[in-house]
Amino acid sequence: AALRVVRLAIGRLSTFEGIPHPYDKMKRKVVPAALRVVRLKPGRKYTKMGDLANNVGWKHKELVDQLEDKRRAKAETFYAKKKAAAALRAKAEEAAAGDLAKVNEVLAASGDLAKVN
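Numbered by the working numbering, the letters in the sequence shown go through residues 43 to 159 in order.
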């Protein structure tokens, strides 16, 4: 009975090289409960799917590593731009704090809790 359950589970498993169409444009999320550091006891052995596939004949490890390095570089430049924009916005908010104080008073008086930043 247990073997049958395992076979059914493996039958439902779908794996992809890369990120398939509908998911490639979606924001990536982290599921904390699924992290290796949370799920495995310290000292347990583990492997990565890419390493396992490479050991049994998968021929695209170098390509995927190269594309992953490229993705990391793009993400790093995006994050640097995002940080710079956030710093610029904070500086602009600080500069306009005097003008916004009057607007925030009017909003608070009207019962709207949202502040203008």
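No wet-lab data here; the hints were simulated from the structure.
From a predicted model like this one, the values you see are computed outputs, not experimental measurements.
Please note: incorrect hints may appear among the correct ones.
Said to hold, decoys possible - Here are the simulated DSS-like pairs of lysine-lysine, each with C-alpha atoms no more than 30 Å apart in a straight line: (1) K69 x K133; (2) K69 x K125; (3) K101 x K124; (4) K67 x K144; (5) K71 x K144; (6) K69 x K103; (7) K101 x K71; (8) K71 x K112; (9) K133 x K144; (10) K116 x K83; (11) K67 x K124; (12) K112 x K67; (13) K101 x K112; (14) K144 x K125; (15) K103 x K133; (16) K125 x K101; (17) K144 x K112; (18) K67 x K123; (19) K83 x K67; (20) K144 x K101; (21) K112 x K125; (22) K67 x K103; (23) K112 x K69; (24) K133 x K116; (25) K67 x K87; (26) K124 x K112; (27) K71 x K123; (28) K71 x K125; (29) K101 x K123; (30) K116 x K67; (31) K87 x K133; (32) K101 x K116; (33) K123 x K133; (34) K69 x K144; (35) K83 x K71; (36) K90 x K101; (37) K90 x K103; (38) K116 x K103.
| request: Could you grab the alpha-carbon distance between K71 and K112 and see if it respects the 30 Å cut-off? | output: holds, 20 Å
Has the given pair, K116 with K67, been kept, meaning a C-alpha gap of at most 30 Å?
-> Holds: K116 and K67 sit about 15 Å apart, inside 30 Å.
Item checked: 30 Å limit on alpha-carbon distance, applied to hinted pair K67 and K124 -> holds, 19 Å
Proposed proximity, K103 with K67 (alpha carbon, max 30 Å): holds, 23 Å
* **K69 paired with K103 [C-alpha distance capped at 30 Å]** => Status holds; Cα separation ~24 Å.
- Item | Pair hint K133 and K116, alpha-carbon separation not exceeding 30 Å | This hinted pair holds, its Cα atoms lying about 26 Å apart.
Margin query: Checking one constraint from the list: CA of K144 to CA of K112, max 30 Å. Satisfied?
Written below: violated, 48 Å
Exercise. Straight-line Cα separation of K69 and K125 no greater than 30 Å?
Worked result: holds, 18 Å
| query | Within a Cα-Cα threshold of 30 Å, do K112 and K67 meet the stated pairing? | reply | The given pair, whose Cα atoms are some 17 Å apart, holds under the 30 Å limit.
**Study point:** Distance restraint between K144 and K125, which requires alpha-carbon spacing of 30 Å or less
**Key:** Cα-Cα ~29 Å, so holds.
For the pair supplied as a hint, K101 and K124, is the alpha-carbon distance within the 30 Å limit? Violated - the C-alpha atoms of K124 and K101 are around 36 Å apart, more than 30 Å.
| said: Checking one constraint from the list: CA of K112 to CA of K125, max 30 Å. Satisfied? | reply: OK: K112 and K125 at ~20 Å, within 30 Å.
Checked against the numbered hints above, the structure breaks hints 3, 4, 5, 10, 15, 16, 17, 19, 20, 25, 29, 31, 34 and satisfies the rest.
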